[in-house]
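Chain by chain, the residues:
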Amino acid sequence: MNRRMRRYGLNALGLLVFAVAVFPVAWMISTAFKPNEEIFSSTPRPLPSDPTLDHFDYVLGNGIAEVSFWEYFRNSALLAIVTVVVSGLLAVLAATAVARYRFRFRTTFLIMLLVVQMVPLEALVIPLFLDLKQLGMINSLAGLMLVYIGFALPFSIWMLRGFVAAVPKELEEAAAIDGAGPLRIFFRVLLPLVAPGLVATSIFSFITAWNEFIFAFTFLDDQDKYTLPVMMQYFFGNASNEWGPIMAASTLLTLPVIAFFLVVQRRMVSGLTAGAVKG
Amino acid sequence: MLDTAPAVRPTPGRKSSGRGRPRRPRLGPYLLIAPTVVVIALLMFWPMIQIAVMSFQKVGNRQLAGEPAESVGTKNYETILADDLFWQSLRHTVLFAVVAVSLTLLVGTLVGLLLHRLGRRMSMFVAGGVMVAWATPPITAAIIFSWLFGSTGGVVNWTLDLLPDLLVGGDWIDYNWFATPLRTYTVLTVCVVWQSIPFVAVSVLAGLRSLPGELFEAARVDGASAWRQFWKITFPLLRPIFLVLLVLSVIWDFKVFTQLFIMSGMANRDAFNLSLYAYSEAFGGMNAKLGMGSAIAMVLTLLLLVVTAVYVRIMVRQGETS
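Residue numbers (the numbering used here), protein chains in the order written: chain A, 400 to 678; chain B, 44 to 365.
No wet-lab data here; the hints were simulated from the structure. The C-beta atom is built at its ideal place from N, Cα and C for all residues, glycine as well. You may find that some hints are simply not true.
[Unchecked claim] Far from chain A, some chain B residues (derived; all Cβ distances over 12 Å):
#1 Glu113
#2 Gly116
#3 Val142
#4 Pro224
#5 Gly256
#6 Phe273
[Said to hold, decoys possible] No farther apart than 25 Å at their CA atoms in a straight line, the calculated lysine to aspartate or glutamate pairs in the DMTMM-like style are these:
#7 Lys532(A) x Glu470(A)
#8 Lys532(A) x Glu110(B)
#9 Lys532(A) x Glu113(B)
#10 Lys118(B) x Asp530(A)
#11 Lys101(B) x Asp530(A)
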């Protein structure tokens with residue numbers, strides 16, 4: 400086959416894959432801007448011919464519930480940020496241990512990380528509900544934070560240990576000879592060098608916390624405590640025909656995480672190749 | 044953007060065994076992993092033990108109010124094993140996993156191969172688009188697909204209706220995609236596969252980039268077809284990656300919850316899978332049956348444990364834990 404023809408064919412195929420992958424999200428965004436008569440029209444059009452912000456006004460102006468959308472947004476953001484920071488910190492410590500030291504139980508620890516990643520979290524919701532209830536942490540974001548940190552940790556450590564191992568030990572030794580203490584070495588030498596890996600794990604932790612539904616749904620009672628996914632479920636269940644506002648709310652929930660994801664995509668992929676895949 | 048991957052590829056496990064060991068206090072590594080061990084023990088291992096214990100107990104509203112749980116022996120298990128709903132949920136779980144995993148791996152691999160052959164910019168562009176599916180929260184994915192497959196204004200029915208009747212039959216406009224479990228699971232499969240493909244594609248792409256190009260050049264010179272190249276070179280070399288992807292996909296698809304919960308809900312018992320069934324028993328009714336839910340969750344966990352054992356074996360054999 401002609402080389403140029405093949406090139407065109409492949410590119411066309413690539414564009415098709417792109418279109419299929421993006422279509423559902425693009426359709427969501429487009430629907431969010433369509434007036435109702437266009438949403439329920441018998442001949443759907445790809446773009447709104449008469450774009451409107453009504454659905455966003457409705458969602459942002461307490462149309463969903465008594466609580467402001469921003470409250471949910473704040474709850475979700477707070478949960479995700481605390482999860483990222485705490486699990487990132489703990490993961491760096493543990494990853495340093497497994498990448499830098501040989502110690503008894505090291506293999507046991509690594510196997511534990513693997514096994515824990517496989518535990519069906521959907522099953523843990525039952526005992527954790529009871530435990531948090533006993534601790535009086537039901538219906539609180541703090542209880543959820545704890546749970547999310549636990550969920551984000553194993554994969555973060557698994558991924559980060561490769562990045563720590565890639566930092567030449569000589570750098571740390573040189574710093575030690577120059578008289579730097581362990582803390583200084585950690586913050587001035589190791590941390591900057593594993594930063595790309597930390598970015599990659601942070602995205603995973605962030606997405607874990609931002610997207611999580613079942614625990615937030617089970618643990619939170621009061622509307623003002625809801626996270627965005629719980630709010631979406633509530634809204635979807637109570638107004639299943641209001642596709643315009645539902646798509647507007649979905650857009651507001653989805654776009655931040657997609658934007659975040661795409662901005663750091665490069666780091667993401669390198670993190671992935673380090674952690675999940677090694678031939 | 045994707046090409047920077049090899050630049051930061053670390054080599055865990057291949058540490059300087061010959062170089063001098065760091066002289067640091069022996070306690071160091073244990074202090075470093077201590078917080079993680081505590082968190083995981085409290086949030087994962089302890090609850091796992093609790094599930095195992097609770098699956099032999101009656102834990103309901105009265106126990107939630109503070110009364111001690113009463114032991115019921117194997118009654119919870121006897122009840123579920125005698126219940127058709129359990130077997131139906133199990134069947135749904137397994138069949139869905141088989142179909143979704145096959146599709147995910149097949150299409151994901153094809154997309155990975157395509158990304159590898161595209162030019163640099165095009166590959167970046169397409170990969171970026173594919174990532175969008177990955178980043179979408181499961182809850183919005185489920186809601187979007189409910190809308191796409193909806194019977195009023197849904198774009199899927201509209202498209203199917205436009206296609207020639209010869210291909211797809213007619214009368215699609217009012218087709219209800221959520222009327223039967225089979226149809227619901229069809230939509231669920233499309234939704235879950237759409238979201239899982241990126242991980243497979245990017246992993247396969249990373250694997251392909253790590254292979255020496257000379258192998259393929261030599262094969263091309265010898266006149267090997269693309270099909271032959273894949274089965275004789277790519278697949279054997281990337282076998283470890285495919286194995287890991289297979290196991291991870293099986294585990295993820297076995298316990299799908301959020302999307303099914305949104306599309307079908309707790310009232311629609313006919314469409315339950317094991318995780319929705321367990322959740323519904325535990326939290327669904329006015330009468331909480333956490334013991335029953337735990338028994339079902341135990342079955343799911345034991346099934347996954349078998350798959351996990353395979354996964355751990357692969358990783359240990361690959362030297363990932365050394």
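Exercise. Provide an ascending list of the numbers of those earlier hints which the structure does not satisfy.
Key: The structure conflicts with no hint, since it agrees with every one listed earlier.
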